[in-house]
Amino acid sequence: MSLHNRIKEARKNKGMTQSELGGLIGVAKTTITGYEKNREPTAAQLGAIADALDVDVSFLLQDEIRVRHDT
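Using this note's numbering, the letters of the sequence shown correspond one by one to residues 235 to 305.
Each hint should be verified, as a subset may be incorrect.
Lysine to any residue pairs mimicking SDA-like chemistry, simulated, CA-CA at most 25 Å apart [unchecked claim]:
| id | residue 1 | residue 2 |
| --- | --- | --- |
| 1 | Lys248 | Thr264 |
| 2 | Lys271 | Leu237 |
| 3 | Lys242 | Ala286 |
Think of the hints as simulated: they come from the structure by calculation, not from any bench.
Turn these sequences into a full structure, and let the hints guide you.
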């Protein structure tokens, strides 16, 4: 899963709109749209996004999400 998709997924899991996330980190809704499609946030913006969405930056940057299933 790409960084763009993880930002979108985390935002939706938080029940937040693009406008709300943008307001929390001080950017326009269109900037968040860009981050969720193809634009790369700066390191500072990525940190702010992670804080606003209550996720670790490592979650946003990981190559894939691994789910452990205990059986």
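Handout entry: Given hint leucine 237 paired with lysine 271 - CA-CA distance at most 25 Å
Key = Holds, at about 9 Å.
Exercise for the section: Mind checking the alpha carbons of lysine 242 and alanine 286 for me, to see if they're no more than 25 Å apart? Expected result: holds, 13 Å
Exercise for the section: Measure nothing beyond the straight line between the CA atoms of lysine 248 and threonine 264; if it is 25 Å or shorter, mark the hint as holding. Expected result: holds, 19 Å
Hint compliance for this structure: every hint is met.
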